[in-house]
Every structure is written in structure tokens, then in C-alpha cells.
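Protein chains: 2
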Amino acid sequence: MAKETRQRFDPAKLTIFAQEVLQKIGMPKEDALLTGSMLTACDLRGVESHGIAHLQLYCNWMKEGNCKINPKIELFDLSPSTAVIDGDNSLGFVNGHKAMTEAIKRAEKTGTGFVSVRNSKHFGAATYYAMMALQHDMIGISMTAGGRMMIAPGSTGRAGGLNPIAVAVPAGKKHPFVLDMSTSVVAGGKLEIAKRQGKPIPEGWLVDGEGKAITDLSKVDYRNPEWRGGILPLGGSPALGSYKGFGLSVLVDILCTTLSGAALGTMANHFFGAIRINGFRPVQEFKDDMDQLIESIESLPPLPGVKKVYVTGGLEEEIVAERTANGIPLDTAVIQQLKDLSAETGIKCDIER
Amino acid sequence: MAKETRQRFDPAKLTIFAQEVLQKIGMPKEDALLTGSMLTACDLRGVESHGIAHLQLYCNWMKEGNCKINPKIELFDLSPSTAVIDGDNSLGFVNGHKAMTEAIKRAEKTGTGFVSVRNSKHFGAATYYAMMALQHDMIGISMTAGGRMMIAPGSTGRAGGLNPIAVAVPAGKKHPFVLDMSTSVVAGGKLEIAKRQGKPIPEGWLVDGEGKAITDLSKVDYRNPEWRGGILPLGGSPALGSYKGFGLSVLVDILCTTLSGAALGTMANHFFGAIRINGFRPVQEFKDDMDQLIESIESLPPLPGVKKVYVTGGLEEEIVAERTANGIPLDTAVIQQLKDLSAETGIKCDIER
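In order, the protein sequences belong to chains C and A.
Start counting the first sequence at 56; every next residue gets the next number (the numbering used here).
Start counting the second sequence at 56; every next residue gets the next number (the numbering used here).
Everything labelled a hint here was simulated from the structure, so no lab data went into it.
Just so we're clear, the structure is a prediction, and the values are computed from it rather than from any experiment.
This list has only true hints and no planted wrong ones.
A pair holds if it fits inside one copy or across any two, identical chains being indistinguishable in the list.
Simulated pairs of lysine to any residue, SDA-like, Cα-Cα distance not exceeding 20 Å: (1) LYS394 - TRP116; (2) LYS229 - GLY320; (3) LYS164 - PHE131; (4) LYS164 - ASP132; (5) LYS245 - TYR298; (6) LYS394 - GLN78.
Chain C with its partners taken away, still in its complex shape:
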């Protein structure tokens, strides 16, 4: 990991600050605590694009009425192992937590459980929900769809979102396998960072309205809905399999949007799944074999200049351990946002370690 020079903050205090701010603008206490702890969990894993940096944005949505603070979330029970949740246009954290809890409950009874969610809003990082399954000795799945930022292969037009997929699988002594991937070449957050830092982006991330590669972000306003062009699907070009990334993006849209009964093009809709390990084999045997699988990959010879070969989830475990010990680093801009929220709500910003 690169040496961290930013100021560190206390995870528990950050959670409480977020909770109190959300409560102050009208969110029920339980929902506010849940949302706050999920934002902090995200920062602990190093996914800073989806953590406490979004708190001000979510508060604005709720204050402006774009997102219900006191929703009537409805559950439709349609089979022993499936359900649909209507989020009543509320923040995705509470909807997602409710839906994943329901998927786990159904998996306890029948072996597997799947829940599709419509009329939700941003739910943070997909990882959190998938990882909820781990303590139940289940495989967890979580996806979210929305937006129109991905270029379809063979086309100059956009179709579908960057539509991330997360899957978490428990292991024994080793860290869990935790995959969290956008179905595009690159997640939106990495473009934001490159734009902020004025750095060129690799060829193969972004194309203009004629399908030509863009490497200089200063020349395009890619966030403007009027702008033509977009992010390429995972694979990049047809020769390197872009129909695969695009197919996965459409699949996520089907499971989140079409299956939940949301209208085409709406955002955000989600899909959650839980698969009980002992519906297949004894848990301990499975975990022992997971350890062996992970070790077999981690012991592969690294490329020159590479310290360690990781299985997805391994690096994040190291970040969690380091940040739990030393605190969460925050950008100056994010610290300022929290101070502004404090001034606005009267909630004391007591987040120092």
C-alpha cells in the first residue's frame, strides 16, 4: 500500500456523526445508524468513492425531496425463495439491507434466496450486502443497475449503466473471496479521480461519439447528459471480448430492473442473492477447500515488480486491518463537507481520533 499522508479519523465517531446528521434531517434512528455504519464500513475497506464522501449528497437529495426520508417500503412475497421489494423512492442503504436480510432468511429455509428491488436510490458499495451472507455461511450476491454511461459494442450510442456485481464467498483461515466489479472497463470513480488530478487516462476507458479513444479528460464534459460518447464495456474492444462486459451489464439490468418491475432506464434498482453452503456440502469441508484454492493462487510466481499475487478481497482485508488500527484517512474536500454539514445541522463534528 502507498504511504498515507492524510489525516486519520475515528471510524466509530464518523458513524455516529453520519447517524446524527441523518436523524437531524428526519431519518428514523435505526435507518440513520444503518446508513452511517455502512458508509464507514466502505471507507474502512478503502472504497472512498462510496463512503462518507457521499453523506452531503444524500442529505441534499433528501432535503430536496428527490429521495424519501420516511418511506413505506413494501415486500411482495411471491415464492418461498424469491421476493420483490418496492423501496418507495428511498435511499438504497435501507432497501438493500432489508432485501439482503430477506434473501438470507429465504436461503435459511429453502437453500437459496433472491430478492429484486425497484424504486430505490444509490445504495453505496455493492460489497457490503454480498458480505452480509458470510456470517451465515452463505455465498452472497449483490448488484445494482442504473444510468446510461456504457457504450454498446458496434455502436456509438450508450446502453445501460456501469452496473456493478459483487459476490462474497466465505473461506476458513484465509480471507473471504470478495469480488466487486463494474461491468465496464473502469468504474466511474476512477475517471473522477483522474479528472480531479488532471492526469491522462489509459486508452480504452472512454470513447467519444464517433467511437474514438479519449485520453485527455480536460477536453470532455463526460458527466453532461448531452455529451455523446461513454465508457467502454469490460473487454474494451470486440477483439478483446467487449460483448462479454456488455452482456454482463445488460444481465444486471435484467435482474435489477426488468425482474423487479421497474421501468426501463430508471435508477437505481438492485438484485440480491444468498446461497447456503450446506445446501451443497458440509461448511467446514467447503471452507478448507476455499483456503486451499486461495493459497494456490497467492503462491503463484509474481511478475517482476509485483510484491504479491492477490485473490480478490485479500488486499481489502489488509486495508481494513490497517484502517481499523490507524483510522480512516479523508480528503480535505470531504472534511470540509462534513464541517459544512455540522454547521448546517448543528451536530458537532467530533470525528478526531
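Could you slot chain A onto chain C? The hints should help.
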């Protein structure tokens, strides 16, 4: 589609020929018919690498005792929506068909069904099994794991197979969504074709033992297990998201191999799933929305030189229609294989249209 110049053959006659040959070497009639019809279905969809061209290979496996002709396939019923099948080291077609049928049966009862299969052999194209769900108004999932051909990101070593994933989703008036993708940049079949034709391959498919790109296949014997190097995961390079393709490959291994109780590194193991649409919403509403989703993508502006923007499964539907009308084209080498099988078994090779 490129103009077809090869001789065409009758799909029904090809199925019967395959069936009779398989019966002759000892396969039960029902299993032989099933295998023959699945091979032909594959050729009808244009997936020639996994169709009747493999018949001789499978016959050799069975004759040499590497693959049981009369297996005792066992089912372990472990929860209402999950099961494990032990294929007793038999050909994957019969195992796969049995497992997908079981997944569908469980989905009828509980909403979803998932079956993991160990001790199997090659099962042809993953598409066939996923598409079995369509007529039941379900989403079908099919995967297979095996081999050690994929380079891990950050490493010079191989970890995991090309591990394809197939997902089929029913639509209404439009063709079904049918995704069938290896989790590598490119499927093994495309390398075979390039090698046979002596053509260079694009940079980003294959690397040597030092991680350097290979474009000239004549210089490497990549099928030799002693050869170091391998195929890159979907994404290609770390900058373009290769951890995603690699993560998907490991996930397929977990669901097929670790979950079924097969030993690490064994091949082939499979995983099948079925998700009942009306466990989420009325089927007709879902299909109408699928049509709308597919149309929204097909109507995107094509790149210069591109005739039509496809949703995955659309091109294959056109191939099926064309080949059903005009017959299945076969390579000279494949025709010779069938003639050899005919001479060997005494089964008449009556496959002309």
C-alpha cells in the same frame, strides 16, 4: 454473416448418426440420443468448436476408459432448492441435462433451483443447459470449470480455467437474451482456429512465461502442459480491469468445483441454476419489458461499417434460422472424422441433405 462455401448437411441425420455411433460403443440409447441432439444443436447455433466436431474425441475417451459409458450418476438432495450430482466420471452432456432438469424442478417448487456437479467430463457448449430454462419461463444459468490455462493478474503463473458462464433470459416477440462467455479475453477455440490458419492473433490474448505478449502462434506450443504462459483474463491488463475477468473465473471454479466437493484442479465440474420469472412478476409483463430492453439496444446508432447492433443471442438466432433452412456446414476435416467413425463402427454415414 460471411458467405458460406462449405458443403451443408442435414441436422436430423447428423443427430441420428451421432446417436447410433455412441450406442454402438456402448452408450444407453436415451443418453446417446440426448448427446447427439445436443451436439447438433450446437452446430445449428454456429458454435462449431463444441458440436459434432467433438464426436470422435468423446468416442475415443470412452473407448480408452477415460470416461464411463454406463455411469451410476448419483443425486444428493440437500435442501429444497439445491442439490449436488456426482457424475461418476461420465460425459458431461447427460450429467448436465440431468442437473439442469433438477434445477428447473426445484425452481418450479421453491422459485429457484441450483445444482452443482462433480466428477463429470466435457459438457459441450454451456448455452444449451441455460436455454433449457426458457420454455419454463425461467432464467437459466450454466457454468463449467476446469483446466489451468488462465494467467493470474500480477503473476506469470496459471490459475484456473477459461471457465465459461452462460445465462439465458426469455423475451416475448424478440429473441431471448443468451450470454455465453469464457471469463478469458478469448475462448480457446479462437486460438485453435488462428493456429490452424497460420494467422497472427491480436496483442492481449496470450502471454509467455515472462508475461510478454504473443502474437505469432507458430512459435509456441501453448497446448503443451509444460509450456509456461497462458491466456489473459477478460479485461486483459490490470489497467483495463483484468482482475474482473480473473475474479469471475475463480468464482466459476468455486461454484463448480469447491461447492460440488470436487478436488481443486479437477476437470470438469459444472454449476446450473434456474430462476422462475413469476417468482418476481407476471411473466407476460416481464417479457414485454424484455422486448423493450432488447429493442432499445438494437436501435442504437451503429459504428461506421457495422450493419446492426446486437443484443447477445440475436446473431445466434439468425444463424439457427439460416442453418435450419440450409443445413449445417462442416469442415473437410470434420467430415473425414465422421467417415472414419463410420468405417470403425459400421454405422452408415448418411448425413447428406
